[in-house]
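Number of protein chains: 4
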Amino acid sequence: MTILNSEKVFRDPILGFIHVDNSIILDLINSHEMQRLRRIKHLGVANLVFHGGEQSRFQHSLGVYEISRRMITALDHHEKFDYEQDWDHKNDLLVQAAALLHDVGHGAYSHTFEHLFNTIHEQFTQKIIVDPNTEVNAILKTVSADFPAKVAAVIGKSYPDKRVVQIVSSQLDADRMDYLLRDAYYTGAEYGRYDIERILRLMRPVKDGFVFDIAGVHSIEDYVISRYQMYLQVYFHPVSRGMEVVLENLLKRAQVLFDKNPNDPIFFDLIKPIFALKNDIDLKDYIALDDSVFNTAFNVWQNVDDPILSDLSKRFLDRKPLKSIVLNDKTRPLIDHLKAKIQARAFDPEYYTGENDATDLPYESYSPKTGEEGIKFIYPDGKQAELSQLSPLVEAINGKKSIDRRFFFPRELLDDAEVNALYLKYKKTY
Amino acid sequence: MTILNSEKVFRDPILGFIHVDNSIILDLINSHEMQRLRRIKHLGVANLVFHGGEQSRFQHSLGVYEISRRMITALDHHEKFDYEQDWDHKNDLLVQAAALLHDVGHGAYSHTFEHLFNTIHEQFTQKIIVDPNTEVNAILKTVSADFPAKVAAVIGKSYPDKRVVQIVSSQLDADRMDYLLRDAYYTGAEYGRYDIERILRLMRPVKDGFVFDIAGVHSIEDYVISRYQMYLQVYFHPVSRGMEVVLENLLKRAQVLFDKNPNDPIFFDLIKPIFALKNDIDLKDYIALDDSVFNTAFNVWQNVDDPILSDLSKRFLDRKPLKSIVLNDKTRPLIDHLKAKIQARAFDPEYYTGENDATDLPYESYSPKTGEEGIKFIYPDGKQAELSQLSPLVEAINGKKSIDRRFFFPRELLDDAEVNALYLKYKKTY
Amino acid sequence: MTILNSEKVFRDPILGFIHVDNSIILDLINSHEMQRLRRIKHLGVANLVFHGGEQSRFQHSLGVYEISRRMITALDHHEKFDYEQDWDHKNDLLVQAAALLHDVGHGAYSHTFEHLFNTIHEQFTQKIIVDPNTEVNAILKTVSADFPAKVAAVIGKSYPDKRVVQIVSSQLDADRMDYLLRDAYYTGAEYGRYDIERILRLMRPVKDGFVFDIAGVHSIEDYVISRYQMYLQVYFHPVSRGMEVVLENLLKRAQVLFDKNPNDPIFFDLIKPIFALKNDIDLKDYIALDDSVFNTAFNVWQNVDDPILSDLSKRFLDRKPLKSIVLNDKTRPLIDHLKAKIQARAFDPEYYTGENDATDLPYESYSPKTGEEGIKFIYPDGKQAELSQLSPLVEAINGKKSIDRRFFFPRELLDDAEVNALYLKYKKTY
Amino acid sequence: MTILNSEKVFRDPILGFIHVDNSIILDLINSHEMQRLRRIKHLGVANLVFHGGEQSRFQHSLGVYEISRRMITALDHHEKFDYEQDWDHKNDLLVQAAALLHDVGHGAYSHTFEHLFNTIHEQFTQKIIVDPNTEVNAILKTVSADFPAKVAAVIGKSYPDKRVVQIVSSQLDADRMDYLLRDAYYTGAEYGRYDIERILRLMRPVKDGFVFDIAGVHSIEDYVISRYQMYLQVYFHPVSRGMEVVLENLLKRAQVLFDKNPNDPIFFDLIKPIFALKNDIDLKDYIALDDSVFNTAFNVWQNVDDPILSDLSKRFLDRKPLKSIVLNDKTRPLIDHLKAKIQARAFDPEYYTGENDATDLPYESYSPKTGEEGIKFIYPDGKQAELSQLSPLVEAINGKKSIDRRFFFPRELLDDAEVNALYLKYKKTY
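Chains as they are written, first to last, in the UniProt record's numbering: chain A, 1 to 430; chain B, 1 to 430; chain C, 1 to 430; chain D, 1 to 430.
No lab work stands behind these hints, which were simulated from the structure alone. Backbone N, C-alpha and C fix where the C-beta goes; we use that ideal spot for every residue, glycine too. One or more hints might be untrue.
Think about it this way: if two alpha-carbon atoms lie no more than 27 Å apart in a straight line, the pair counts; the simulated BS3-like pairs of lysine-lysine are [what the hints assert, rightly or not]: (1) D:K284 <-> C:K314; (2) D:K425 <-> A:K80; (3) D:K320 <-> D:K425; (4) A:K41 <-> B:K320; (5) A:K8 <-> B:K425; (6) D:K314 <-> C:K272; (7) B:K278 <-> A:K127; (8) C:K320 <-> D:K425; (9) D:K323 <-> A:K80; (10) C:K400 <-> B:K401; (11) A:K401 <-> D:K376; (12) B:K278 <-> B:K252; (13) D:K400 <-> A:K401; (14) A:K127 <-> B:K320; (15) A:K141 <-> B:K252; (16) D:K8 <-> C:K428; (17) B:K427 <-> C:K80; (18) C:K272 <-> C:K207; (19) D:K400 <-> D:K369; (20) B:K252 <-> B:K323; (21) D:K425 <-> A:K207; (22) B:K41 <-> A:K320; (23) D:K284 <-> A:K425; (24) A:K427 <-> D:K80; (25) D:K428 <-> A:K376.
To list a few chain D residues with every Cβ distance to chain B over 10 Å, as calculated [claimed, not checked]: (26) F17; (27) H19; (28) R70; (29) E84; (30) A108; (31) S144; (32) F236; (33) F268; (34) L327; (35) E355; (36) L361; (37) L414; (38) Y426.
Could you build the full structure based on these sequences and the hints that come with them?
What follows is the structure, encoded as structure tokens:
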């Protein structure tokens, strides 16, 4: 029996308390693989711009679990309509475990990491859940032999019950609901707030999914707009991305040096496997990687002989972002000229420049690619309507990718009058 | 000239914005030594209990700077009384630099660190400021040759102008004012809140210090009580301390192994100097230490041959705190018996038990040791009175040390009925 | 059947949502007598000092209901101990109805009102509940013939089940829990906040009452201190009381004029009965009185021939408080002299001065008068302890009445040098 | 000299503190005409839906003053650009007085009031400022003989300096900035929040107006969207409007009765002039009207012989809103049929039904009617761009009136199956 005789709570500044009354959930939280997420920042390098944004993936995972738990609880506390198809509480533990574990395979500084090492964190999440050598797997198997596979399927979106999947992955899932609130709270950005309590109250279970009572149109419009604004203002921030380019170039340089001399002692045992094997890295070695290991590598590397690796490591640790201009029809033709100037200043453009695209698709009424549908509302008579038909604001961004494409270069170039003029014209800081 | 042509701001979730209009302050923030504080958690291991509490010493330092700036600004915006001795704005930069740098020498996991390695972070703060090899020192010297020494003197409380010192170190200084608000915000504890805006409005400069308008008695009483409650509820938390004892024992074990074999490769280059030289460590090596380096050491050590070091490292990374009972007249005589039981279970008491005292002196109307005085209030006619004479609540805790002394042991012992009974009786979780 | 098929919610800025799932509660909220409370300010005249404090008794009543509902709900969501005596949910509606109605008989500007007219609002609350002519009574009788009497007994503290009474009236009841949070929110005072969610989680039902898990000592200490501070800083505010004295003198003058000529048309039909009959006023006439009726009376009276009534009405509407000094051994002997001066300035001391005591007993470990006990905590083994034995802060204020006694006089006197000096010395604004 | 020797502050839950350092402002706040605004609710009847929304026009006026003060102060605290034309601080008092007084002529329940009595509150605001018999006028004249006329001109938008006008009236003025935050705080709606501190920081004075630094596009987009959402969710709420229709019909009935018999004693002296003279009412009589006078009238009228006036008064005081359906091509043709049904139930459609339009123009890039321009942004090189060109969200609502047109009827009709079906289909509660 997995019900705890005493509900356990964790104080959370965003959600008040995280409530746990199932020993499986408690054991998962205490597992080796979940505790690792304490040492991985949720926002990657964004804390270098928003100094408050130092929250871990661990606390985000607790939040996603808690919101999934509240969703399920809320389903029992409202008027029942004929159109409803009741939620089967047999699925509660499955949903909550999937919500808690959805990010368990995330890597350190994952955007850059995955791009550079061709790793896919979703694959590692699946492995951690189904690999018989992990603590997570052992805990899940105490439920049933096929429980790990079920949890993995929910996270992988292949689980047959679409409603179970939708709580963990959709355009209004517990994951997004948590990170918007949490990132807003920690960064201090006002944009991410929305009325979660009202949204949870208006969720209705129907066949194959969840819809929302028509009364909730504006609350959910507000959530979609909040998300859109967080992307543009926080997640796309050009200074964060100037740090990401430093990080990417630094790891690229390390890879080149590693490929030349894999036994160079600057690649200590914990860091070596990822350079050697990339996506084929052993699961155990992957799990050993966290922000601290990378930071320690940069700490070591700032003193190595290679001047590029050393300089970039120092720039990363001391927060010296590359500067940027937007790439468009006017600036694209100037890039080669700019690179020549950069080279003339003895900066290797391979390691001191970069292009970086920030893209987001804020809302899609229907995704031709995945077949995923938009957020649906229901009238008392059972008729449904999709959000972009009801909200002119959401219609304005429906299906439109937000793209911010930039060229990054060393700030030292700003003392060149031509570059400086270009920068002032095209830095575009909104 | 050091005034920036454009005020620079940093979004802060607690204070709204941090405002910087002096290029010296901006350069100090961007220095190597200050940026290091981004990688040191302000609360040490308390984030292992309060999962939100992951804020860095860097952001706390920005907060202390900002509060010192607001204090100085507020002095110009109120009724002038005959008793006032005006603040000399020539001191502004000195105060703000000292506030920003007051923690620059802090170590990683500093409670445990200092205890074990006999280091004193205040000494490293002084060194970083006056050592000609640091970036901080170079920046400060652009003000004047003696400016580093002045800043160091303010932080070291030896600066002759007592008012300058009081803003940075006193019973109501910018340091405490920031950490209470910040720790409350991130941990989610309600206790740390108080009315900072009102307190700043009521601060009055007099000869040799600052006093507060008599109208502020209850606001400041509330601040003192808030601080008292944060200590008892957050800073003294027995589970944090159960993790601190794990950390301490783990480092103690590492020291023993290092002393046996200083060339053991488990002591990689970054971590070696602190075990070898302790307080005599080179400044450069000290500055290279941060939370990441220690976490990486534990990451390495969880796989070493020594079973104690390996096990304790794993316990620390996976958050397995020792359990505890309070030490008092009833339990003290039982400790030897308890240790015997622990030993019988093959846990070496040297590394699997510990005593830990949490103490705080919440308020002192007068410190016989340092001569430091309590918080003073002033009436319109210039008569002064000290807080504990005006507030029965503060009088109740005045000069009384809060002490919580505990004995820690492995949770595995809780399956022993006798230990479990003792634990239930003496765990005392308030 | 009284369960609503759809839970009804009211958006509340302090508690998020007020949840109603019982039609009796919904009907009571919609009743004539409850809706009247929308037109009575909770803080009487304190909004004249804290301009945000305009909340009505109606919203406070909803809040008390909601907290009582959460208390009862929370009892089901925690570890069960041997010492517990389970809460009988048959009492839920009784508790919630009593919580909602506890203030239904409150008068407008009730402090002054009751003092002057010798009315006791508790008696009118009882009458409204048991009188067969009220809507409230009719609704309650649909539950059972004796339900009105039961609700009245709970509010009157004579109901035999002490636990039911304790939720509505005790040192930690839903009433106090709501008004602290609500008054703090609207006035903007920081003091009233405390951790309500944690307190509700730690409440335990035992024989004859509720106790709290020992883990909650500091949360409840914080609540008691918050209440103490709200009294001293908000409820005792000398400027509010300067307005109360104006109000009291103005009503006193009106009574004198009424007694001379009860048919004077300045006493319009709505206002007449209270001057004529005082506590013997008909229930219907009492229920017709609200803040608006009194404000309209003052509006009329500012233009009447009687110069005192006219002037005091104008002072009240235009917020011209009397000034005050504290009454103590030093000032008491000067009052006659002061009154002579006031008279010399053609202000009748009868109507332009006043004494006003603000008193509060912040906490009592045991009340010899009522036999009521303090707040109790329970250890896992069932042993109990009382709050003041566990908290030195609470011990410091235990059983000690806070008293602030003042003499009020017209601000015009401040241009007299002697009075002004006295005022500056004894206004004591903390 | 008008500078106070001591800054006076008012605690405000939304803005922290209201700061006053000019005695003219303090005297205006204390004037008879401003204090009247304490007795007029800012949201009219919306507190009958959002029970927290009981804030007065008085506190809103303080807030508008404070925001205007902060705007002016912020102009001095940022980088100076070549394109700027410095703000002349000689205008400070003029702006602040206009901001404080902008609503001083507002009537009680003003939407309904103005519609019914053909009064225009803006005219009364002008009169109060320029009429030599008001306290406000006397205070303003102490500045200069023409100061009242100048203040009136700013509020009336005829003042020649467009920048002065823009702070008080524009699409991003201190008035809107305050009411969004304040209404959100009091009602508990999440929508009204936006980042006021950042917006104030980015305001730049140019010739003929204020523009915003390009960095502020998303902060101001968020403000515009917040305003749009507050209109749809709070200000347009169909239940508030159901109460407004009750109020309107009730006053319409009273007018009919008054016209028949102007000496009927149910029209007591304070309420009579508005029925008799409407927009020609004496200023003194107008100023005597507040929410309390109307509430008292309804209190009296609930007991009069006329069954319609009596019933509607009771419905208003006891909060019994009319129900509604949206008016559109489908429902418009059914209204006559519906009215016949209503009449058949003995409800006079003249007094028991009503049409009510809620309209808002959320943003206009250019108003052909007034020539008023949209919100402009400025690039470092001085180039300007208008908000709707920069934000697809604002473009989506630019120039598009939000309209919600409804037909209201007695809730008693809902027991008619046909009406009920119509209601469920067309109540449209988002």
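Violations among the numbered hints, reported as their numbers in ascending order: 7, 8, 15, 18, 23, 26 and 27
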